[in-house]
Amino acid sequence: MSLLAGAFLAGLAVLAVPLWLHRLNERAPPEGSVSSLMLMREAEEPKRTRRSLAHRLLLALRLALLAALTFAFAQPVLLSVAADAGSDAGRQRLIVLDASLSMRRAWPDALAQAEALREAGDRLATIGDRLTMIDDLDAASPGWSRLDFAGLFGRIEAGLAALPEPLGGWEIHLISDFQASAVPPRFNALIEGLSRPAVLHPVGAGQDNWALAAGELGNGRIEATLTSFAAAERWLAVALRRGGSEVQRASVAVVEAGAHATVSFDAPPAERAAVAWELRIEAGDALPEDDVLHIVQAPLGATTVAVVAPNADPDAVRFLVAALEANGIAAPIRVAEGDPWPRADAAIVLDPGGLAGPLQRRVERYLDGGGGALLIAGPRTERAGSLWSDPVAVVDDGAARRVLVADTGHALAGEGWGEVTVSRWLAAGPEAAFGTVPAVLTVASESGGEAPLLTERRVGKGRLVMLLTALDRDWSTLVLRPAFVGLVGNAVDYLAANVPLAARAGEPVAIAAASAQIFDAAGERVLGLGETATGRRLVRVAAPGFYTVRAPGREAMMAVNVDVQESDLTPLSAAELQRWQAAAQRAAPAAALAPEDGAEPSAFTPLARWLLGLAALLLVAEALAANIGQLRWRDLRPAS
Amino acid sequence: MSALPAALLAKLGNLELIARAAVDGLVQGAHRADRPGFSQEFAAYRDYEPGDDLRFVDWNAYARTDRLHLKLFEGETNTRLLVLLDASASMAAAGGLGAAASRLPSKLQYGAWLAAALTHIAVRQHDAVGLATFADAVRDDVPPGTGERRRQALFACLEGVQAEGGSNWDAAFAHVAQRLRGRAIVAAISDFYCQPSDFGSALAMLGARGHDLIAFHVLDAAERRPRLRRNATLRDAESGRVIEVDAADMRTGYPRRLAAHEAALRREAAAAGAHYVAMDAEEPLDRALVRYMRFRARHP
Numbered sequence: 013m014s015l016l017a018g019a020f021l022a023g024l025a026v027l028a029v030p031l032w033l034h035r036l037n038e039r040a041p042p043e044g045s046v047s048s049l050m051l052m053r054e055a056e057e058p059k060r061t062r063r064s065l066a067h068r069l070l071l072a073l074r075l076a077l078l079a080a081l082t083f084a085f086a087q088p089v090l091l092s093v094a095a096d097a098g099s100d101a102g103r104q105r106l107i108v109l110d111a112s113l114s115m116r117r118a119w120p121d122a123l124a125q126a127e128a129l130r131e132a133g134d135r136l137a138t139i140g141d142r143l144t145m146i147d148d149l150d151a152a153s154p155g156w157s158r159l160d161f162a163g164l165f166g167r168i169e170a171g172l173a174a175l176p177e178p179l180g181g182w183e184i185h186l187i188s189d190f191q192a193s194a195v196p197p198r199f200n201a202l203i204e205g206l207s208r209p210a211v212l213h214p215v216g217a218g219q220d221n222w223a224l225a226a227g228e229l230g231n232g233r234i235e236a237t238l239t240s241f242a243a244a245e246r247w248l249a250v251a252l253r254r255g256g257s258e259v260q261r262a263s264v265a266v267v268e269a270g271a272h273a274t275v276s277f278d279a280p281p282a283e284r285a286a287v288a289w290e291l292r293i294e295a296g297d298a299l300p301e302d303d304v305l306h307i308v309q310a311p312l313g314a315t316t317v318a319v320v321a322p323n324a325d326p327d328a329v330r331f332l333v334a335a336l337e338a339n340g341i342a343a344p345i346r347v348a349e350g351d352p353w354p355r356a357d358a359a360i361v362l363d364p365g366g367l368a369g370p371l372q373r374r375v376e377r378y379l380d381g382g383g384g385a386l387l388i389a390g391p392r393t394e395r396a397g398s399l400w401s402d403p404v405a406v407v408d409d410g411a412a413r414r415v416l417v418a419d420t421g422h423a424l425a426g427e428g429w430g431e432v433t434v435s436r437w438l439a440a441g442p443e444a445a446f447g448t449v450p451a452v453l454t455v456a457s458e459s460g461g462e463a464p465l466l467t468e469r470r471v472g473k474g475r476l477v478m479l480l481t482a483l484d485r486d487w488s489t490l491v492l493r494p495a496f497v498g499l500v501g502n503a504v505d506y507l508a509a510n511v512p513l514a515a516r517a518g519e520p521v522a523i524a525a526a527s528a529q530i531f532d533a534a535g536e537r538v539l540g541l542g543e544t545a546t547g548r549r550l551v552r553v554a555a556p557g558f559y560t561v562r563a564p565g566r567e568a569m570m571a572v573n574v575d576v577q578e579s580d581l582t583p584l585s586a587a588e589l590q591r592w593q594a595a596a597q598r599a600a601p602a603a604a605l606a607p608e609d610g611a612e613p614s615a616f617t618p619l620a621r622w623l624l625g626l627a628a629l630l631l632v633a634e635a636l637a638a639n640i641g642q643l644r645w646r647d648l649r650p651a652s
Numbered sequence: 002m003s004a005l006p007a008a009l010l011a012k013l014g015n016l017e018l019i020a021r022a023a024v025d026g027l028v029q030g031a032h033r034a035d036r037p038g039f040s041q042e043f044a045a046y047r048d049y050e051p052g053d054d055l056r057f058v059d060w061n062a063y064a065r066t067d068r069l070h071l072k073l074f075e076g077e078t079n080t081r082l083l084v085l086l087d088a089s090a091s092m093a094a095a096g097g098l099g100a101a102a103s104r105l106p107s108k109l110q111y112g113a114w115l116a117a118a119l120t121h122i123a124v125r126q127h128d129a130v131g132l133a134t135f136a137d138a139v140r141d142d143v144p145p146g147t148g149e150r151r152r153q154a155l156f157a158c159l160e161g162v163q164a165e166g167g168s169n170w171d172a173a174f175a176h177v178a179q180r181l182r183g184r185a186i187v188a189a190i191s192d193f194y195c196q197p198s199d200f201g202s203a204l205a206m207l208g209a210r211g212h213d214l215i216a217f218h219v220l221d222a223a224e225r226r227p228r229l230r231r232n233a234t235l236r237d238a239e240s241g242r243v244i245e246v247d248a249a250d251m252r253t254g255y256p257r258r259l260a261a262h263e264a265a266l267r268r269e270a271a272a273a274g275a276h277y278v279a280m281d282a283e284e285p286l287d288r289a290l291v292r293y294m295r296f297r298a299r300h301p
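Going down the list, the sequences are from chains S and D.
To convert, note that position 60 of the first sequence is 72 in this note's numbering; the numbers rise steadily by one, no gaps.
To convert, note that position 71 of the second sequence is 72 in this note's numbering; the numbers rise steadily by one, no gaps.
Only chain D is shown next, with the shape it has when bound in the complex (with noise of 0.2 Å):
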């Protein structure tokens, strides 16, 4: 599979291209039982039989392989797909424990493509898609829908969106519960710096109304691989509380906390029912993509 290199996709700069990009490199590198997509009623393909409907021969697989397929639907009704991102600042430092930050995206911008490219496989699919960014409150509100004008809004929004704030967890996610009506798609991407029981109690509030929950939690190298030579005075982003760290900690005591902190974030989402996506602000967009759909169709 060709990957994108994060800072390969922060040059384009265009979020559309980014998406189509991204999302082109998710295609080409799936396998067929991969095939994107959170529309529940495709169902699979079948060979071409004399007499079936030509409109729902797959022309493209038939360009690729020379041969008829046809695609089978379970269902006729649309999904919705909720963007839900982080905005708080947070999102945006970078660079105080050592990393190269300003080759690198910030975790915002990398949420924000990771957001383009849901946006764009959802109107791929003529689902509707809708998005919200919130930080101490709900900033942005882009209502579910469909269509191509529905999708350069939501673009607009992702590029215009700032971090700043601290992170209000329970006012997004209530925001989201009152907003849907009925059974969607809901795709949260955050740093989670939350507490995990917390983080689990919302989940579970969304999970119970029968929302399909998907939890990307994004952290830049930085934050997994710290390098310090020596203490060093960090200011929090959100509450600028300031502390001199020891840099032997940071090697050693510092990724013991940060793995037991996500496996507890694991074991909340798995108990509300959602899936729970660590990603790495360096990885490639695509492959990230990739890894997730795979893991997506073992867990339906």
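Just chain S, with the same shape it has in the complex (with noise of 0.2 Å):
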């Protein structure tokens, strides 16, 4: 609010009041003539001095109290520089510490910079998937998970809404080394949630840097894929170790920033026990973290999988044994009318609408029992009866239409649906909803809703999920497109309850067995049962390396490793870093003016709750002067 508001000049005009009463009150006593003062009295001068005194000190408190709710409710704002901003009594600054990968070899210079900034009274915190409040520098320190500036302040705002908010508020001080990888493609991302002064400190300089950025493991060899964020071409040596001894070496040359290398290794398929692998790279560069690559190996025939499709498309059959084999499931158990059950970890049946009754029973028998299916659909499904539980159709409108990922914290959400459109499927009737949890994937339908795609529900103990489109070209792109692959692995891996081969430090990752136990290289237990207990069982391993998990009947070995993007140490220009702390001052109202060229960033402090505070002790204290006051006077006062 303008100081030049009609309110507020009116609000002024209030003083006015006091000051008319008071001189009504203090003014000389009314002159009078009388015929003789021959039987008066004059009055004693002490009195009239003392009260005099008296009013002009309440005169003095009613006006500083009236001046300051009138400029309370004005709402000014007190423009500081950044850097003496932790000086305005009443706002907490919060310093924040960036607490990514990539700041391990930045962060003497994070703790050099939080130590000149802090004051007495500033909070510490570090922020990575969350906002952690610390007491003391020294109990920093940088974690092994990847910070995207996506939504960072209201992850930010999200952990200090769980504190008590200041008089003044909070004022965001982020020390990070602004990687240029972590700013996501749309701008304003980088401020959303943000409604307090921020101001950005960047440390750290671009640094060369070269990582391992991926292992793949495949027809008896390992292919390591290098990648460089540096200028200069270099040679590197890579070392493929097992059990902790170096088995191969090889060398590579990797020539320009984000050019890639491949380097390859004998890797003789497992025959009983997963076998833990180790690349590591000889580079020496800036961050030594992200030059080891963990690959755990399973073993053949780890995973047995019963595929159900006895009158189903062939098409759509290899299309779904391809995808098996991709992921390492190279012999499924074809399930034909008259078989026996076969002992299997996970099924798949296909176009279920073309099953017979007994084989449908059999199906059924197996989820009762604690199983889990893949449904896909097929042309015949709208006969599957019993499986799917609701009356079905196909839509089929002739659009193409986008897949949406509905939950993406479910472990069969994936990667790549962008890439997939849908022109058929079934729907259920409006009377249910195919399953009963929220869908995993649906399709944007024609009237503005969403339609489930990809779906899942409780069929006796056992656990059955649908896919709602089948393996045909006609009804959709998915087979043409590395997101059915992954649906594959992951849909077996999710029904068979297998614990995944690899997971990326601090981000979570789903273990579908209840009750597991996660123990590092070394045999401590870095994940206990109650924290692997929840419904969705969704846990994070923090730092990378080789990790067992245990579950009741059975247990498995899992590998962590760091996500490469965290490997780019180029920072923000110093343009776009003006530019986002300009966008952060204009996005947090109370906090900003965009900053001259050459100046500090400058922020506004809010003075109101001040001023109310203000209010208050100058009612407390006009109340007190008026009534001691009043004993005085009356105390002085002849006895008549």
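Misleading hints may appear alongside valid ones.
[To be verified] To list a few chain S residues with every Cβ distance to chain D over 10 Å, as calculated:
1. V46
2. A55
3. L70
4. I234
5. A338
6. G350
7. L379
8. T560
9. R566
10. G625
11. N639
[What the hints assert, rightly or not] Here's a subset of chain S near chain D, in silico, CB distances under 8 Å, partners left out:
12. E43
13. G44
14. S45
15. L51
16. R53
17. E54
[Said to hold, decoys possible] Restraint-style ranges between C-beta atoms, simulated for each label pair:
18. S:L36 / D:T147: 53 to 61 Å
19. S:I640 / D:E160: 22 to 30 Å
20. S:W32 / D:T253: 51 to 59 Å
21. S:F85 / D:R257: 50 to 58 Å
22. S:L33 / D:T253: 27 to 35 Å
23. D:S198 / S:L65: 42 to 50 Å
24. S:L36 / D:R257: 30 to 38 Å
These are calculated hints, taken from the structure and not from any lab test.
Just so you know, even glycine gets a beta-carbon here, dropped at the ideal spot from N, CA and C.
If you follow the hints, you should be able to join the two separate chains into one complex; please do so.
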């Protein structure tokens, strides 16, 4: 509100009221003429003087009280330079340190910057996937996970919501290396959720770095991919280790920033137990943590899958078998009419409408007994009977529709769905939806709503996952996209309650097995039963390395690696950083004026709360002064 | 008795009408024994008896009572009345103590009405009447005389009197002593803001010469009952002195001091053989006259 606003000026006019009242009360006693003063007595002088002083004190208090209230309702703000912002009384500064992997090489600089910024009363925190409050800088340490700047301030706000709001609000100081790779494509995502003054403090500089980006197992080999984040060409030696010993070594040239190079090693299939492979480059670069890659090679035949497709489209069967092979399941068990039900960790049913009654009942008994099955729709699915449980109909309006991920936290959500379109799918009647839980994937329907595409429900003790489009190019482009291979692999792991072979440090990973415990390579438990017994069984493992997951009746290995996106140490340019700072100031209404060129970022400090506090104090002082003054005047009055 | 409020008299404006109205009210309301008059010759009434001189029949009484009464007189010598009116500034001051000053007459107005009424009474009885107004010194001096012309001269003098200056009682009483060779009635009208001992000394000087003295002490309602809600700065109308008076003291101490002052004046007047008459400028004039005439009848 401007100080020239009409309401504010009208409020100032209220100051005239006590002035007028006091003038009435304090003005010289009215003068009159009398015949004679012979019989009258003059009033005592000290009494008049004291009253005058007391009245002036009261007047000052009352004027100050009204002025404080008027200014408070005008909501003034104090413009302050960011470097001095912490000295504003009432505002609490929060110094947030970026604790992502890339900050490991800049951590000393970050601590020094925080120490320089820190003043008495400031709070400290680190930010990774969430805000963590810390008491001292000694307690802070960089993590292993990825920090994406999209929604960063929203996560900080969520963390602050659990803390009592300071009188003057929070002022956020973010210390980070501000990796360019962490900036989202949509620039506004940088300031989403920001409602407070924020100042950005960059530390660290761009440094050359090389990383082991990925390692693929297949056909008896391990193919390692190296990525360069340096301008200069360099030869790098790559070592393959197994059980702590180096078994192979190779050299490869990496030529320019952003370029990839691959190197292959022999890796014979594991016969009975899983094998832990470790790839390591000797780069001696800025971030050694991304120079190691952990790979778990599952033993042959570790997971058995029953494929039930007696009358299914042959092309659909071929697509499915290929996807299973890509996921390391080379020999799925085909189940035909009249065959006994095999011992399988998971089942996949193609076009359940083509099943004869006896086979369909065997699938149902398998589910009742606690098995897991993936049903994939087909041309005859409308006759599927009790497997769908609800009347279904084929929706086909000739338009290709996008697939939306409705539940990103689900183990089947996967990646790559943006490339998939669906033109035909099954829809349930209006009285019931597929499944008893919200859909994992949906299709944007013509009406503007969303129709389920991938959903699940419980059948007896088992779990039934249903894909409501067919493995047919007339139905969708799914079979042509990598998302299909991921879906099949994830579905098998999910239904078989398999432990994933790989995960990223600090990111959630679904452990389908109930009541699992996770131990690191040294045998120390890093996650207990309580942390893995949640309904979704999503866990986070902080540090890279090999881990052992122990669940009732099974034990499996899992490799955890860092996110290679952290390996790109190129920071945001000064212009981009200034743009972000300016956008942050515009986004926080109480925060900000855009800084002038070369000037420190500035921020507004709201004064209304302080003024209201001052008004309350003045009110108390006015009451005391008025009452004490009255008592003293009464004491001075001569007894009549 | 039909009282004539001072406010009503003030509306009449004409001094002759005021005097006549006041005296008529006085006559109608008085008992026969309280017949007004300053003449010492009138003695009493008696019933008419055949052979009495019809010139001494009171025909007014006959008209009212339908019976013949004969007036009896003790002597033939006429009485002289000298009215001494204080015209100092203090007689005009009003309102400084919270009174509704605009509606009520000032003490000077009231004193002038009183003087006019006394003059009217004296003229009706063919007594000689004179007037002297004074403040720092004697201002107007109309020597005692009889007849309608003298009455008109006195009324004209009273209508033109202005309140200003201080009070000099010594000069006023010395003038009276010099003016009156024989015995007379001296009616002094004032607010008597003076030391009671000085007031007593002056009265005693005239009393020693055989004059019949009446002291009309006129105060207004505000002076008798001041109403100050808070302290006030007051200016003395005569000396110009200014002080702030305490409202609380005006409610408690001042009435006590005023009562003591009036009591002292009364004692000094009694010591000098004078009548002391306290009057309120808000009191109806005819009622005040009746009250005094009754007092005078009881204290000849």
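Status of each hint after checking the structure:
1. V46: 4 Å, violated
2. A55: For A55 (chain S), whose nearest Cβ neighbour in chain D is about 4 Å away, the distance does not exceed 10 Å, so it is violated.
3. L70: 17 Å, holds
4. I234: Answer for I234 (chain S): holds, closest chain D Cβ roughly 104 Å.
5. A338: With a cut-off of 10 Å, A338 (chain S) remains clear of chain D, as the shortest Cβ separation is near 103 Å.
6. G350: Non-interface label stands for G350 (chain S): nearest chain D Cβ at 117 Å, farther than 10 Å.
7. L379: Holds: least Cβ distance 98 Å, greater than 10 Å.
8. T560: Correct as stated: the minimum Cβ-Cβ distance to chain D is 95 Å, above 10 Å.
9. R566: Check passes; 98 Å lies beyond 10 Å.
10. G625: With a cut-off of 10 Å, G625 (chain S) remains clear of chain D, as the shortest Cβ separation is near 37 Å.
11. N639: Consistent with the label, N639 (chain S) stays out of reach of chain D, its closest Cβ about 20 Å off (over 10 Å).
12. E43: 4 Å, holds
13. G44: 3 Å, holds
14. S45: 5 Å, holds
15. L51: 5 Å, holds
16. R53: It holds, given that the least Cβ distance between R53 (chain S) and chain D is near 5 Å, below 8 Å.
17. E54: It holds, given that the least Cβ distance between E54 (chain S) and chain D is near 4 Å, below 8 Å.
18. S:L36 / D:T147: 53 to 61 Å: About 60 Å separates the Cβ atoms of L36 (chain S) and T147 (chain D), which means 53 to 61 Å holds.
19. S:I640 / D:E160: 22 to 30 Å: The hinted range 22 to 30 Å is violated for I640 (chain S) and E160 (chain D), with Cβ atoms some 60 Å apart.
20. S:W32 / D:T253: 51 to 59 Å: With a Cβ separation near 32 Å, W32 (chain S) and T253 (chain D) fall outside 51 to 59 Å, so the hint is violated.
21. S:F85 / D:R257: 50 to 58 Å: 56 Å, holds
22. S:L33 / D:T253: 27 to 35 Å: Roughly 29 Å apart at Cβ, these two residues keep to the hinted range, so it holds.
23. D:S198 / S:L65: 42 to 50 Å: 44 Å, holds
24. S:L36 / D:R257: 30 to 38 Å: 32 Å, holds
Checked against the numbered hints above, the structure violates hints 1, 2, 19, 20; every other hint is satisfied.
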